[in-house]
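Chains as they are written, first to last, in my numbering: chain A, 77 to 1039; chain B, 142 to 280.
Bear in mind the hints are in silico, worked out from the structure with no lab data behind them. In this text the structure is predicted, and so the values were computed from the model without any measurement. For glycine and all other residues, C-beta sits at the position ideal for the given N, C-alpha and C. Don't take every hint at face value.
To be verified - Computed footprint of chain B on chain A, listed as stretches where at least three residues anywhere in the stretch have a Cβ under 8 Å from a Cβ of chain B: (1) 713 to 719; (2) 736 to 748; (3) 752 to 759.
As the list claims (entries may be wrong) - If you want the footprint, here are the derived chain B segments under chain A, 3+ residues with CB under 8 Å: (4) 199 to 206; (5) 241 to 248.
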Amino acid sequence: MLLALLLLLPLLAAGGAAAAARRGRAHASWTAAAGPAAVLAILLAVAPRVLGGEVLRAHVPWVPALQLAVTLRLDALAWLFALLVAGVGALVVLYAHYYLPRDDRLGRFHALLLAFMAAMLGVVTSGNLLLLVVCWELTSLASFLLVGYHARDPKYGAAARTGARTALVVTAAGGLALLGGVLLLGRIVGSLELDAVLAAGDRVRRSPLYLPTLALVLLGAFTKSAQWPFHVWLPRAMAAPTPASAYLHSATMVKAGVFLLARLHPALAGPDAWTLLVGGVGMVTLVFAAYAALWQHDLKGLLAYSTISHLGLVTMLLGLGTGTALAGAVFHVVNHATFKASLFMAAGIVEHETGTRDMRVLNGLARHMPWTAALAIVAAGAMAGVPLLNGFLSKEMFFAEALDASQRGLVRWVEPAAALLYGACSVGYSTRFVMEVFFNADGTPLPRVPHEPPRFMRLPVELLVMLCVLVGVAPAALVGPALLAATRDALQTPAPPVSLALWHGLNLPLLMTVLALVGGVAIYRARERLWAWHDRTLPGLDGAALLDRGEAGLVRAARRVTLALETGSLQRSVSMLLATAVALGAWAALAAGRGGAAGATAAPPSLPADPASVVVWALLLVTAVAAARWHRRPLAALVATSAVGLFVALAFVRLSAPDLALTQLLVEVVTILVLLLALHHLPAPATAPAAPARRTRALRDLALAGGVGAGAAALAWTVLRRPPYGGAATSEVAAFYLRQSKPAGGGTNAVNVTLVDFRGLDTLGEIAVLACAGLGAAALLERMRPVAPAATAAPRDPERHPLVLAMLARPLLPLALVLAAFLFARGHDLPGGGFAAGLLVAVALASQYLTSGIAWTTRRLRLRASRWLAVGVLVALATGLGALAFGRPFLTSVYDYVPLPLLGEVGVGSALLFDAGVLAAVVGAVLLTLERLGLVGRAHERGTRTPAADAPDAPDAPAVEVA
Amino acid sequence: MSGWGATALGMPALLATAVGVLAACGAWLVLRARTYPVVLGLMLLGYATNLLLLGMGRLRDAAAPVLVAGDPAQVAYADPVPQALVLTAIVIGFGMSAYALALAIRARAATGTDHVDGAAGERAPERAGGAPSGPPPGR
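Bound conformation, chain B alone:
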């Protein structure tokens, strides 16, 4: 049943809904108070963005932009420009996640909490109770 409507609408509908759901889940996670879900949320937002970017070149079936012999103009290829964009975005997405995680770990060591604001919020009592805290960030 679920497949019927989607099939009727085709791949664009699938992609659009996937982008929407990924973005929604990513936004929800980014709004959490702990650092770890925020990083996961950034990753989901990254997936949504990459799919959206790929969609800008329109959806093509079995048309990878790898040229075959003969005049390339006669065969329809997928747009290579968004693909090149997304490829580097994927790698940089890793860099960003890694950096965000390092930041989260360092912040926890410095403040003793993994709350995104580095303090307070809901965990204030726990901190007062002597949660271990790292050295000052200045080493």
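Excised from the complex, chain A in its bound form:
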């Protein structure tokens, strides 16, 4: 519970801060600060237990089938990182309150910051690797949003957007690789729980999958921790507001990568591949970034490259693989967070007060803000590794480890040389940071005259710098126990002897420090010449530009592929689709044929064809071909198509499907109406001369259509020739439905019982689809100005609704409705049911539309098609939900026989209500479509009407004029 609070409290504070921002930025900041403060309190409360060796755990299964669980696990390593996240988080909230402009309400910023904090706490405390990846990606998202915080700013927006995108592309790609690595780990170990993975180190290292696993995990860690060559996103991410840079991009998020390496140390570290990859990449990063930091002119740019370099240091230490190296790595993570966060904040103060971060402009600030200058100088000293500051201690450990490794390594001098080079460069850029900003007053005018920042804006810097000094002076007392405990829990073995003393005597590491200090000052002195040399000899290789070029190339290639496949021509797309289907079908058929046509043993007893069937069959073929042949004559094609529909209905009758025949027949009627109405709004195509190009296309289409037809026929033939269900008369499902239709569903019409009971959920979905189609059609036609009908269309008949027809149709309505009621009532036991009855009601009403006009009809019947639609779907849904109220599963049906006068026993069940919903939905969908089609352009026509046409009861909105 306590562990869950660690993640929930920052989230709660995030929401609270967003809400409180409406009452002012102070409210937002106070609410936000409550999050990290509460987390800190929890962490301090559990500190004795965790540092004493206890591992706190909480486990909630999430998706057991995927081995995904919310397992939280707090040991000393996680505790130390969590402390870092919460501590720096609290300071950053305070700092951001002063840093961000007054007109920023801070709600969004604090919410993002705290959401990140929750995700980052999730990364360090998760005890399930999948959960870790989820949180890992969440930190990437939070980082993306924070880097892009000023995306709409006219001046900084472009940089913010580019920075955010680059950061997301690199870190999210790494996260994807990490997911792959984690899944491989889970495959090797058989569990994704961290405890199991850490205990199975030997199995992991011996597995043939070790190398791919390692590569993928490292890709994730290196992208997140900005290791060369994936470092390009971090300098660009400096477009983020400085508090976010201080928090995410120096103190915490970029440490997630090295945290992961430390976390998985027992499982992955050891083999040469680990040493080479982790140590090698770390070393390259260390030197390269320290050198690159020398020639940054932007304060934050310098700090960003310095951060990359220090992350390289930590990575290299982890790569060395020894226990003392790991202790040094963890120690340096903490030290770096304190001095780098304070430096970022100091840089933010400088920018806040002067309006610039350019070191070529800044000068002599020590006069204007001596206190801030003092703080920054101390922090920069820690960054350079000056004795008595915390940076010195972990750097000494690093030097010692580098020397130690060179005793074991193949090449004896590489590690110490790299370490020395790094040391000199870091002293060089630290000196430059201090000198060019706070001294070297050369009279260059500043954009603004600076003065000391508000008292509480400096407080976070003061606290952090104080820590730098205290840890630097008394390391063993302040961080000793935590560091040893964290090392112990990271290694899963008793901690190695780590000496945290200030003075180790006159030894080689101390000599290296002295050399680095001297070299660094020399580099600073010679910086102008160094830059000139750099510009002359080293080509301008910009990793970020390379990434951009790669990205642009990828997009171009994707676009080319898309354009090759999708030209915007429907005919082309459809023909490719059909051709693919035919080709795949043929391939599958051939493959099956080679397999020896299994199962084609005894053909089932064939149903002989009677002459009547043959006649219907022949008519069906003729009308179908006619519909295709007459595609340039819409009315003729329509007639042919509807004839096909009628013959299909006859086929249903013949093939023992009376329900289908009934439905098909009724659907045919409304479909023809819709098709006729639509015809009025579509132009009659001109018969174009057959150009050669058209002829080849027609030939291609013919071939394709032939292929489709042959394939469909072959499929049908193959299936029909096979004995069904391994010789049984019906499938198991069908047998069950038939057997249970009466006892369980209360009806003898198995099809209807299937629809409203056994497969009620499907039917519910289907009427929802029907409702969507009806509403979609209505929405498309809503308030649409019609185009003028094609010139060939017949002129409108003034006598739109012949009286005789209207008089004949009106008595039909009640008759049809009675018939529909009959169909509906018997549907559960005999052919009929909600679909058929609904269609019949719709046909009956549509016949009134046809003969008397929509307006006339709706005025008298008060029909609201859309309401029918809604009521239908809702009734069906409510019937299903009703079962829940009785503690039964969704859509469980009940029925009983109720004795009624005259009619005798009548089965009444919830299925009937469900079927009524189906009926209403069908009526609504059909009527809605017909109405809207009929009313297209009605409002538009009104103005041009002759007065005679508006005479009362001469229907004012004759919509169905084509019919």
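Fit chain B to the known structure of chain A by using the hints.
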């Protein structure tokens, strides 16, 4: 004559050929350039699919799945599952045709042509000649 071969092969042959011809005609129509034939083609493809689906339950003569008194297991009924599937498919087929037609009408109002691509193709000259065009689709 035509009846002889078909009778010899029985109803399965009739159904299979009908499905094939319907599918072929439907595919041909779907590949046309005007919206209206495309909708008709979709309908024909729908008929073909429905018949094919019904065939999956095998063909039965006078065996509607409406139970008669007595033990249902003793009488062979047609498979109700494909029938239930096809029944809803028929109704949804109507919905789809109606939607496609509405789309075609709206597209014509917006683009001034009933070409399936909403423009160009063979009718480009006519459009340039001032064919009436509707308002922008955004109302």
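Notebook entry, point to check: Failing hints, ascending?
Noted result: Checked against the structure, no hint fails, so every one of them is satisfied.
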